[in-house]
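J.: Sequence:
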Amino acid sequence: MQLTDLCDNNDPAVQRAALDQADIVIWCTATFAQAERDVWAPVPDHLKDHSFLVLPRADVLARDGLLAARVAALGDVAREEFHNFFPVAPLSIANRIRRGDPVSDGQLSASGVSALSYAIQNLVSSGRQADLDSAYLYLGRCGHDESAVPAGAHSRSSERPAGTTVVREVIAEAARTIADLHTGVAMQNPDALTGVFSELSEELSELAADAEPEDADAKAWWDELSAASDKLMLAGLEKGPGPAADAATIVLQLSRDLQSGALA
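With my numbering applied, the sequence shown covers 10 to 273.
Just so you know, the hints here were simulated from the structure itself, not pulled from any lab data. Source: prediction; values computed, not measured. Don't take every hint at face value.
[What the hints assert, rightly or not] List time: in silico EDC-like cross-link candidates among lysine to aspartate or glutamate, alpha-carbon distance up to 16 Å:
{"#": "1", "residue 1": "57", "residue 2": "90"}
{"#": "2", "residue 1": "240", "residue 2": "219"}
{"#": "3", "residue 1": "57", "residue 2": "29"}
{"#": "4", "residue 1": "57", "residue 2": "45"}
The whole structure should be built from the sequences, with the hints applied where relevant.
T.: Written out as structure tokens, the structure is:
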């Protein structure tokens, strides 16, 4: 997971560029002024449905008698533009952490941080599970038939670096194994797939290590496989539906790219 923090950058161009790369947005604001609305307006609905509007310094606003009105105003915006809305008071928690003081569950709950954290984790988990279910469904329906090679792919096969045939066979075998597990325990226990990903990672690493690319294109091809191998290795070490979904997606993408000639 990568976090991009733009709290000190008010450049709309930078903000839009970050939004283009985001899967989840946590938009912290006291007013959601017109300049912010202009940046947010073109954001696609699927990202808005995975984003949170956060009102910081809720304790200070409450002390000044402004919290109720601010919550009412931003609540109307959140209902139309965001997945959820949370007033939070994180400064007191941050100060305690900086001083080395313990932070109790009650203090976290009172600050609103716990509710926001839980909502983010729940959204991530549901998204990961949806990705995993989609990957299993795709594999189960398509069976990953290697004979269904898109038109033009064969004509490009001769352009691929030496060893591509072996790579395709290795990846295809992994895809078939995942498809077989789809009908078994993997739907209830995604960790059953970790062995598949670990083994595939090792095989790809060995193939990439033995490769001796002669030109820049071939080197880029093997570098991409090496990067995929590293990601699969991490998925093999981690547990749960999230890493399994990531790894299944990598296998599918590699197989599609090899069939279509994108990795050439």
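J.: Taking the hints in turn, state whether each one holds.
T.: Taking the hints in turn, this is what the structure says about them:
1. Pair hint residue 57 plus residue 90 holds up; C-alpha atoms about 6 Å apart against a cutoff of 16 Å.
2. As the CA atoms of residue 240 and residue 219 are separated by approximately 19 Å, the hinted pair breaks the 16 Å bound.
3. Of the pairs offered as hints, the one joining residue 57 and residue 29 holds, with about 12 Å between alpha carbons and a cut-off of 16 Å not exceeded.
4. The hinted pair formed by residue 57 and residue 45 meets the criterion: a straight-line CA distance of about 14 Å does not exceed 16 Å.
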